[in-house]
Amino acid sequence: MNRIIPLPDKRNALVNSLLLALLMISTLTSLSTGTVQVSLADTLAALLGQADPMTDFVINELRLNRVVAGLLCGAALALAGCLMQTLARNRLATPGIIGIDNAATAFAVASVVGIGLSLAPSAMALAGAATATALAFGLAGAKGTRGYRFIVAGIGIGAIAAAITQVMLSRVAIDDANAAYPWTVGSLNARNPESVKVLAAGLALGYLVLMAITRALNTLQFADAVAIALGTRLKATRILGLGLSVLLTGLAVSVCGPVGLVSLLAPELARALSRPGKIPLTASALAGASFLVVADLLGRSLFSPLEVPAGIISAIVGSPYLLWILLRPTPRSLT
Amino acid sequence: MNALSANRVLASRELLPQLLVAGIFLLLVILASLLLGAGPISAHVSLETLTGSTHPDAWFVISELRFPRTVIAVVTGLALGLAGALLQSMTRNPLAEPGLLGVSAGSGFAVALAILLGASTATLTTVVAQLGALAGCGLVIAATRVQGLGNDPVRLVLAGATLSGLLLALTSMLMLIDQRAADEIRFWITGSVAGKPLAVLATTLPFIGMALMLVLAVAKPLAAMSLGEKAAVGLGHHPGRIRLMVTLAVALLVGSATALAGPLIFVGLVVPFITRAIAGPDIRRTLWLCLPVGPAVVLGADVVSRLVAAPAEMPLGVVTALIGAPVLLAIVRAGRMPSL
Numbered sequence: 001m002n003r004i005i006p007l008p009d010k011r012n013a014l015v016n017s018l019l020l021a022l023l024m025i026s027t028l029t030s031l032s033t034g035t036v037q038v039s040l041a042d043t044l045a046a047l048l049g050q051a052d053p054m055t056d057f058v059i060n061e062l063r064l065n066r067v068v069a070g071l072l073c074g075a076a077l078a079l080a081g082c083l084m085q086t087l088a089r090n091r092l093a094t095p096g097i098i099g100i101d102n103a104a105t106a107f108a109v110a111s112v113v114g115i116g117l118s119l120a121p122s123a124m125a126l127a128g129a130a131t132a133t134a135l136a137f138g139l140a141g142a143k144g145t146r147g148y149r150f151i152v153a154g155i156g157i158g159a160i161a162a163a164i165t166q167v168m169l170s171r172v173a174i175d176d177a178n179a180a181y182p183w184t185v186g187s188l189n190a191r192n193p194e195s196v197k198v199l200a201a202g203l204a205l206g207y208l209v210l211m212a213i214t215r216a217l218n219t220l221q222f223a224d225a226v227a228i229a230l231g232t233r234l235k236a237t238r239i240l241g242l243g244l245s246v247l248l249t250g251l252a253v254s255v256c257g258p259v260g261l262v263s264l265l266a267p268e269l270a271r272a273l274s275r276p277g278k279i280p281l282t283a284s285a286l287a288g289a290s291f292l293v294v295a296d297l298l299g300r301s302l303f304s305p306l307e308v309p310a311g312i313i314s315a316i317v318g319s320p321y322l323l324w325i326l327l328r329p330t331p332r333s334l335t
Numbered sequence: 336m337n338a339l340s341a342n343r344v345l346a347s348r349e350l351l352p353q354l355l356v357a358g359i360f361l362l363l364v365i366l367a368s369l370l371l372g373a374g375p376i377s378a379h380v381s382l383e384t385l386t387g388s389t390h391p392d393a394w395f396v397i398s399e400l401r402f403p404r405t406v407i408a409v410v411t412g413l414a415l416g417l418a419g420a421l422l423q424s425m426t427r428n429p430l431a432e433p434g435l436l437g438v439s440a441g442s443g444f445a446v447a448l449a450i451l452l453g454a455s456t457a458t459l460t461t462v463v464a465q466l467g468a469l470a471g472c473g474l475v476i477a478a479t480r481v482q483g484l485g486n487d488p489v490r491l492v493l494a495g496a497t498l499s500g501l502l503l504a505l506t507s508m509l510m511l512i513d514q515r516a517a518d519e520i521r522f523w524i525t526g527s528v529a530g531k532p533l534a535v536l537a538t539t540l541p542f543i544g545m546a547l548m549l550v551l552a553v554a555k556p557l558a559a560m561s562l563g564e565k566a567a568v569g570l571g572h573h574p575g576r577i578r579l580m581v582t583l584a585v586a587l588l589v590g591s592a593t594a595l596a597g598p599l600i601f602v603g604l605v606v607p608f609i610t611r612a613i614a615g616p617d618i619r620r621t622l623w624l625c626l627p628v629g630p631a632v633v634l635g636a637d638v639v640s641r642l643v644a645a646p647a648e649m650p651l652g653v654v655t656a657l658i659g660a661p662v663l664l665a666i667v668r669a670g671r672m673p674s675l
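Chains S and F supply the protein sequences, listed in that same order.
Everything in the first sequence is counted per my numbering, starting at 1 for the first residue and increasing by one.
Everything in the second sequence is counted per my numbering, starting at 336 for the first residue and increasing by one.
The hints are simulated quantities; they were obtained by calculation from the structure and are not laboratory data.
Nothing here was measured: the structure is a model prediction, and the numbers come from that model.
Careful, some of the hints might be misleading.
Far from chain F by the CB rule (all over 10 Å, computed), these chain S residues [stated by the list, open to error]:
| no. | residue |
| --- | --- |
| 1 | A21 |
| 2 | V36 |
| 3 | A45 |
| 4 | D52 |
| 5 | F57 |
| 6 | N65 |
| 7 | V68 |
| 8 | I97 |
| 9 | T131 |
| 10 | A200 |
| 11 | Y207 |
| 12 | N218 |
| 13 | G277 |
| 14 | S301 |
Computed Cβ-Cβ distance ranges for the label pairs, DEER-style [what the hints assert, rightly or not]:
| no. | chain 1 | residue 1 | chain 2 | residue 2 | range |
| --- | --- | --- | --- | --- | --- |
| 15 | S | V226 | F | D518 | 39 to 45 Å |
| 16 | F | D518 | S | D9 | 52 to 58 Å |
| 17 | F | D518 | S | S301 | 21 to 27 Å |
Covered, in the sense of this in silico footprint (three residues per stretch, anywhere, with C-beta under 8 Å from a C-beta of chain S), are these stretches of chain F [stated by the list, open to error]:
| no. | stretch |
| --- | --- |
| 18 | 506-512 |
| 19 | 655-666 |
All residues carry an ideal CB built from backbone N, CA and C; glycine is no exception.
Let the hints inform the model, and build the full structure from the sequences given.
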């Protein structure tokens, strides 16, 4: 047998650099936009540490944290979505749709309003994400990950989790409830620095592991028998992938709340652009990061001085697309 | 011919005791609703007040607080239960629930928009809620006509959930724009039967009356439709007309319920699920049984919402979601999707 020697992947490299450029532009725009408008040149100078103290303060102290948090969250959610789509072989199986982010939110809110447990939001959100995933897979049964049953189970779990969040919010003092509110709609306002650091570490680790198992993940697109014949350890790969997906979702939610549609839209965009046949992990992460940064930018600037949470913006942008996927007369490989 | 009429007698004989039991259960729930509350008036004092003793505080609580919310919960449950049964029978989809499919959210969004634009009279809100529900219902029916989607219950539900999410996001955005409107909308949108004036009920009753007449007219043709569209045509019915009437009835019912209690999801899923389990697949019997079961479910959920978090109250929508989501899971988990 002749082994096919893979050509250098020009298309994917091009797509990735385009997305990276897009991410840089949106980041810079987001940094320069706000109540104090800073020119792009000054923004760059401030990032390099060569601006006047005032600009330096606005960019590096006030805005940079927020933009970096958004960037990390978007990348983590998009990676998690791309991974779960691959594992379930279902484009719709993303953390936002199967209720994982809602469950993580419920747990994170529990940690903030202080019901019994006082663990850090990151740990609680992780526990929530893991619980929801286990429930969704458990309820869908052995054959369930392929097909809609899995997803409706997720909708049910998401509804229960959202209701529990409401219960907790209605039972605590108004100040605690207000503190937890941004989480329930998905906003970068409530981030706490510790959670952002944990997310950055988790994202770096997750990305490295994913790069190491890319080949095994790529074979998951084929039938099980083919994947096994190609030397993939199916069970180990699936468990590792699912674990990473849960980790990334939980950590991202602990920072920005349920901005779930990013995990559907970014991988979709990446798949549409990249060469078919491979899982566009890097492209998804870049697209997700840009998406959340832009959503946050729009939310801050559209109705300024009002601030629309990024979760609402992403729902308004993302839902019509999801509807279009669902309502098209002949769906392209939905399962 | 004889066998046929014997069958019919048998059917009514089976239905009557079921209706009676459900009716008695509903009466018990109504009694519980009048007796139990989150406040300091105990069930014992309430009972004495109801049977004649004068206790001004208790009398006020019962007649001014508990009685209105009981009536509103009963009417809401009736409307949502019927709407769910109708929609499920017509789309032949056990998951087709007005709340899940976005009809309630459409109605809610319309009302939020109206409040933002300055509407505050109860009448206007009711009409707007009907229009929003009609638009949502039209969308759902249009979606089921899309090739392939009608035969795929779960995909339809997912589309509905997405539509609901979109409308909820738009509603939240409206709430951000105007603080005064936001307070009014927030009070209304959480889904609750507490603190609603009976005047709203008066404005919705005509719509519910119209819907009930439509239901009476459409029940038999709908039963024929469940044999398949061709069979219905063969029996002399017009599927297009039936579909239109059902759409109207569902929109009127959901619009009224939303105007009364705000968007409540899952009620239209739970009630027909229970009644189908009791009465079997015939839509006419299901509809009859929805009359006592729907109010019992909503009112029961309301009583629970008062007691669970006492002395505070939990939003009713939360209780219905906690009851409804497991039912959704149970339906999906069943080995084979039950077809209607």
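Hint by hint, here is what the structure shows:
1. A21: The claim holds: S:A21 sits with its nearest Cβ about 29 Å from chain F, beyond 10 Å.
2. V36: holds (22 Å)
3. A45: holds (34 Å)
4. D52: holds (34 Å)
5. F57: holds (28 Å)
6. N65: Answer for S:N65: holds, closest chain F Cβ roughly 23 Å.
7. V68: holds (25 Å)
8. I97: violated (7 Å)
9. T131: S:T131 is indeed farther than 10 Å from all Cβ atoms of chain F, at 15 Å.
10. A200: The claim stands: S:A200 keeps its Cβ more than 10 Å from every Cβ of chain F (closest is about 28 Å).
11. Y207: holds (29 Å)
12. N218: holds (27 Å)
13. G277: Fine: 26 Å to the nearest Cβ keeps S:G277 off the interface.
14. S301: The claim holds: S:S301 sits with its nearest Cβ about 14 Å from chain F, beyond 10 Å.
15. S:V226 to F:D518: 39 to 45 Å: violated (59 Å)
16. F:D518 to S:D9: 52 to 58 Å: holds (56 Å)
17. F:D518 to S:S301: 21 to 27 Å: holds (26 Å)
18. 506-512: holds (count 4)
19. 655-666: holds (count 7)
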